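Chemist: One letter stands for each residue in the lines below.
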Amino acid sequence: MNRCEFSFAGQRLCALGSGALWWPDQGLLCVSDLHLGKSERIVRRGGSALPPYENRETLTRLENDLSNTKATSVVCLGDSFDDLDASFAMATEDRLRIVTLQAGRSWIWIEGNHDPGPVEIGGTHLSEWNCSGLTFRHIAQPNAQGEISGHYHPKVRLTIRGRSISRPAFLLDRARMILPAFGTYTGGLRSTDQALTEIMAADARAILTGEHPQQIPMPR
Amino acid sequence: MTQIPARISNWFAAKGWSIHPHQQEMFNRAQDPATLLIAPTGGGKTMAGFLPSLSELSDGAHSGLHTIYVSPLKALAADIRRNLRTPVDEIGLPIRIEDRTGDTSATQKKRQRVDPPHILLTTPESLALLTSYEDAPRMFAAVQRIIVDEIHALAESKRGDQLMLALARLQALCPDLRRVGLSATVEDPGGMARFLARHPDPCRIIQADPGPDPDIAMLETDEIPPWSGGGAAYSIPAVLAQIKQHKTTLIFHNTRAQAEIFFHNLWLANDDGLPIGIHHGSLDRQQRERVEAAMVRGDLRAIVCTGSLDLGIDWGDVDLVIQIGAPKNVKRLVQRIGRANHRYNAPSKALLVPANRFEVVECVAALQAVQEHDLDGDPRRSGPRDVLCQHILIAAASGPFDASVLFAEMIAAGPYATLSRTEFDACLEFCATGGYALRAYDRWQRLQQRPDGRWQLRDPRAAQRIRMNLGTIQDTDTLKVRLKRNRGGKPLGEVEESFAATLTSGDTFLIGGQIVRYEGLRDMVVEVSRRADRKPKIATFSGTKFATSTQLSDRILNMFAQPDWPQLPTHTADWLALQRDISRLPRRDRLLIESFPDNGREHLCVYGFAGRNAQQTLGLLLTKRMEETGLAPLGFVATDYATLVWGLDAVTDPRPLFRPDALREGLETWLAGNAVMKRTFRASATIAGLIERNTGGQRKSGRQATFSSDILYDTLLKYDPNHLLMQITREEAMRGLVDFGRIEEMIARIGDRIDLLRLDRVSPLAAPLFLEMGKVPVKGQAEERLLAEESNRLLQAAGIQPA
Numbered sequence: 406m407n408r409c410e411f412s413f414a415g416q417r418l419c420a421l422g423s424g425a426l427w428w429p430d431q432g433l434l435c436v437s438d439l440h441l442g443k444s445e446r447i448v449r450r451g452g453s454a455l456p457p458y459e460n461r462e463t464l465t466r467l468e469n470d471l472s473n474t475k476a477t478s479v480v481c482l483g484d485s486f487d488d489l490d491a492s493f494a495m496a497t498e499d500r501l502r503i504v505t506l507q508a509g510r511s512w513i514w515i516e517g518n519h520d521p522g523p524v525e526i527g528g529t530h531l532s533e534w535n536c537s538g539l540t541f542r543h544i545a546q547p548n549a550q551g552e553i554s555g556h557y558h559p560k561v562r563l564t565i566r567g568r569s570i571s572r573p574a575f576l577l578d579r580a581r582m583i584l585p586a587f588g589t590y591t592g593g594l595r596s597t598d599q600a601l602t603e604i605m606a607a608d609a610r611a612i613l614t615g616e617h618p619q620q621i622p623m624p625r
Numbered sequence: 012m013t014q015i016p017a018r019i020s021n022w023f024a025a026k027g028w029s030i031h032p033h034q035q036e037m038f039n040r041a042q043d044p045a046t047l048l049i050a051p052t053g054g055g056k057t058m059a060g061f062l063p064s065l066s067e068l069s070d071g072a073h074s075g076l077h078t079i080y081v082s083p084l085k086a087l088a089a090d091i092r093r094n095l096r097t098p099v100d101e102i103g104l105p106i107r108i109e110d111r112t113g114d115t116s117a118t119q120k121k122r123q124r125v126d127p128p129h130i131l132l133t134t135p136e137s138l139a140l141l142t143s144y145e146d147a148p149r150m151f152a153a154v155q156r157i158i159v160d161e162i163h164a165l166a167e168s169k170r171g172d173q174l175m176l177a178l179a180r181l182q183a184l185c186p187d188l189r190r191v192g193l194s195a196t197v198e199d200p201g202g203m204a205r206f207l208a209r210h211p212d213p214c215r216i217i218q219a220d221p222g223p224d225p226d227i228a229m230l231e232t233d234e235i236p237p238w239s240g241g242g243a244a245y246s247i248p249a250v251l252a253q254i255k256q257h258k259t260t261l262i263f264h265n266t267r268a269q270a271e272i273f274f275h276n277l278w279l280a281n282d283d284g285l286p287i288g289i290h291h292g293s294l295d296r297q298q299r300e301r302v303e304a305a306m307v308r309g310d311l312r313a314i315v316c317t318g319s320l321d322l323g324i325d326w327g328d329v330d331l332v333i334q335i336g337a338p339k340n341v342k343r344l345v346q347r348i349g350r351a352n353h354r355y356n357a358p359s360k361a362l363l364v365p366a367n368r369f370e371v372v373e374c375v376a377a378l379q380a381v382q383e384h385d386l387d388g389d390p391r392r393s394g395p396r397d398v399l400c401q402h403i404l405i406a407a408a409s410g411p412f413d414a415s416v417l418f419a420e421m422i423a424a425g426p427y428a429t430l431s432r433t434e435f436d437a438c439l440e441f442c443a444t445g446g447y448a449l450r451a452y453d454r455w456q457r458l459q460q461r462p463d464g465r466w467q468l469r470d471p472r473a474a475q476r477i478r479m480n481l482g483t484i485q486d487t488d489t490l491k492v493r494l495k496r497n498r499g500g501k502p503l504g505e506v507e508e509s510f511a512a513t514l515t516s517g518d519t520f521l522i523g524g525q526i527v528r529y530e531g532l533r534d535m536v537v538e539v540s541r542r543a544d545r546k547p548k549i550a551t552f553s554g555t556k557f558a559t560s561t562q563l564s565d566r567i568l569n570m571f572a573q574p575d576w577p578q579l580p581t582h583t584a585d586w587l588a589l590q591r592d593i594s595r596l597p598r599r600d601r602l603l604i605e606s607f608p609d610n611g612r613e614h615l616c617v618y619g620f621a622g623r624n625a626q627q628t629l630g631l632l633l634t635k636r637m638e639e640t641g642l643a644p645l646g647f648v649a650t651d652y653a654t655l656v657w658g659l660d661a662v663t664d665p666r667p668l669f670r671p672d673a674l675r676e677g678l679e680t681w682l683a684g685n686a687v688m689k690r691t692f693r694a695s696a697t698i699a700g701l702i703e704r705n706t707g708g709q710r711k712s713g714r715q716a717t718f719s720s721d722i723l724y725d726t727l728l729k730y731d732p733n734h735l736l737m738q739i740t741r742e743e744a745m746r747g748l749v750d751f752g753r754i755e756e757m758i759a760r761i762g763d764r765i766d767l768l769r770l771d772r773v774s775p776l777a778a779p780l781f782l783e784m785g786k787v788p789v790k791g792q793a794e795e796r797l798l799a800e801e802s803n804r805l806l807q808a809a810g811i812q813p814a
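Chains as they are written, first to last, in the numbering used here: chain A, 406 to 625; chain B, 12 to 814.
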């Protein structure tokens, strides 16, 4: 099955192979770090003209998860847009696509460091959001409880029988979980990086994304 | 100028030297637009190239840059400067000579642009960089001659294509520019001449006397070469004995990892403490320079090295070349042998040391080919378009350009003589807008057309980024290795990032001949401590991998068909007999496949003898078919004679895998997402300027890595499969890594005569494949199964119940 169920802060949650988090009791799908408009931002700033198809690809994957889960609520955990200008410059086609996805669903945009202000697209804009004991925010905070965040783009690298496998991953301990980046043009930060080993408890686990999400002790 | 000035010929006479016939011929032909000299090492090639320049500059009347000398190696430029300085000073010629490479200081470089020397010694990349500056026309205004040294080496890679485009640019700035190419022995001098000359100028080929045949043999050892392995440790006593009998010995290896292991073993056995050094491209520059300097002083009795010493630095008294491992290619072997004995008309002495018994066969085949003067090689392909894209960007960095003028300039470069305007326009479009079917970036075009029709950079600051990312050399991602100290210890060299990722604290590996212990990663530097008590893991370096030529492969198959092998040493003949006994020997008219378990995995070894590239493609096609039929392949590795596939399940019926129509159909679809294509894409996308390797910032820890180029490839494949870069990637793969024609040849040769042999363990002939570099992973069901197993194991080990 393309999901990995676990309990967190008294709630049953599912890590999906795509990197999205599914909360069945609330009918809520949570994705982090979509970085929409990344290629546009790079070229605007004088960088390379990367293939301008990443919004399509990211939204297609989001659409798949939405139709598979029949989610009624969506929380985007920040850095949904690569910058605020990118949210304004988005092609009409991509905007319409988002509007279609939003139809009939409640939609919350959490602010991130890349998109620290309201965007011109519908939905609720919040700096953080609480629901049934869970707190959704972009960047993990010290001493938080039941916190779900993104920002770090965690990934895990394993060497198994001589094969090195690297995958974006969910990290979780008793107090918090960090979601992998959902956006197509996103890199990752290894779980062994100090930034992550300092935040996550010693008994933290990682759930690797992919066709069959797998849970392991978080490599440190 | 009709005669060599008396001051110069007198100097030759005073040294007791006479001017060689080919040097005189080069002088007589100095006014020709292009000349190619083919001469053996030690034939006074460099002097032949410079003689006309020294003559023309001898009266002191020329002001500004007169001659540009280009060589593939930075070290060669510095070496030539020293070697040229001596005659120039002794004759008292008023000539300024300077080098300019990546190692030249910024101040010096800036001064050279304002006030260039008479003779500038440089590399293709530094020359391309010079043409990217706005003041290039002024700097190059007076240039008369360009000398391309070791042109045979440059012509083998995209560096040569880039150089010829830079020459075309130079020629536009100074129409009277005369070109000289200096080459070692090559199989197709005419092709090399067309590569060098401005199209369609003629190019005269001058052949120097090739000198006496080399004195070349297999090294006699008491120990027998092992069945497998690339270390050649068995030969250490015999190699040490040879070092003692000669003044200076160069010991060539095919890979850096092999050089490291051999050096380590040599040092352990070096009871007399002979001064022996190591030299390869992954070592820190200072370390390499120390070894080079010691070599020039004659302080070293031997140097263990790789292709980094293939080319022309004059090492003085080298009197023996030892080649460890099969030479793979007869032409390169002949060129390496030429490194011994730099004296003209003295035979070079060389010994071949096979690392294992298969290589004994290859070495014997190569010896026969050398004796028969039978050089191998493929015809040079036309210039690739990724290099062309980079050149368009370089032109834009130097100032606004007219597209038609630039096109005319480019098709004057030999490798691009057949380029069509349509192809050129597609490259220009790519540089300007990205060339996507979805026109997303018209507001942010990289190149914009001005009202006068010329093209220019939208953002002038982009010129700096273009310059920083210039070049066609693809280094894999490497990390620096340093001794751990408070403020950063001594740099030792570099290892590949993927290798560093497999290290955990306490692991040991070899670098620069010493065993070091991995301590940790800090600011993207691998920190190590010295440690000599544990068996080392071996650093993996990709280095250059040569493909065995088809001609050598054919010689080997012919040898296999013999009833016995009087020309081979007994141990190797016995080994082939053993293979014939427990399995079979591959034949030209049948396809031998062995299936056996090893170390918890199932293996399939396919002896196609179709050459490395075709065997690689076969690996891709087979693993794809195996994935489709649920055989869970994990990966494969290809050599020139076989492909070894490993996976979780055994293959019992290979026939469906080898149906020609199935293979052909696989070829149509396999382009979708395999590692070889992605690797090819990454190289081309970097050269064409889509992926920037250097953005000016430093890679830091604690920040996410930039996303992998594989994602760009996947995105293009899905949304824009006919994009220019996808076309280039397919073209590159077909020419370089695919070589499907040879698979079809093989299928025609074997028909349905396929022999599958199930063995209980690895066969004598299959064993060496386990040590091959360049394993290609297959990301499919096997990876999912492995992850599931590992997840269960780890959770159980940690006492956690799976949720």
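Hint data in this document are derived by calculation from the structure and do not stem from the laboratory.
Mixed in with the good hints there might be a few duds.
[Stated by the list, open to error] One-sided and incomplete, this derived list gives chain A residues near chain B with beta-carbon spacing under 7 Å:
1. Ile-447
2. Ala-454
3. Pro-457
4. Gly-509
5. Ser-511
6. Trp-512
7. Arg-579
8. Gly-592
9. Gln-619
10. Gln-620
11. Ile-621
Remember, it's a predicted structure, so these values are computed and weren't measured experimentally.
No residue lacks a Cβ here, since even glycine has one placed at the ideal position from N, Cα and C.
Chemist: All hints are to be evaluated individually against the structure, with a verdict given for each.
Modeler: Here is what the structure says about each hint:
no., hint, result
1, Ile-447, "violated, 9 Å"
2, Ala-454, "holds, 3 Å"
3, Pro-457, "holds, 4 Å"
4, Gly-509, "violated, 28 Å"
5, Ser-511, "violated, 28 Å"
6, Trp-512, "violated, 25 Å"
7, Arg-579, "violated, 13 Å"
8, Gly-592, "holds, 4 Å"
9, Gln-619, "holds, 4 Å"
10, Gln-620, "holds, 6 Å"
11, Ile-621, "holds, 5 Å"
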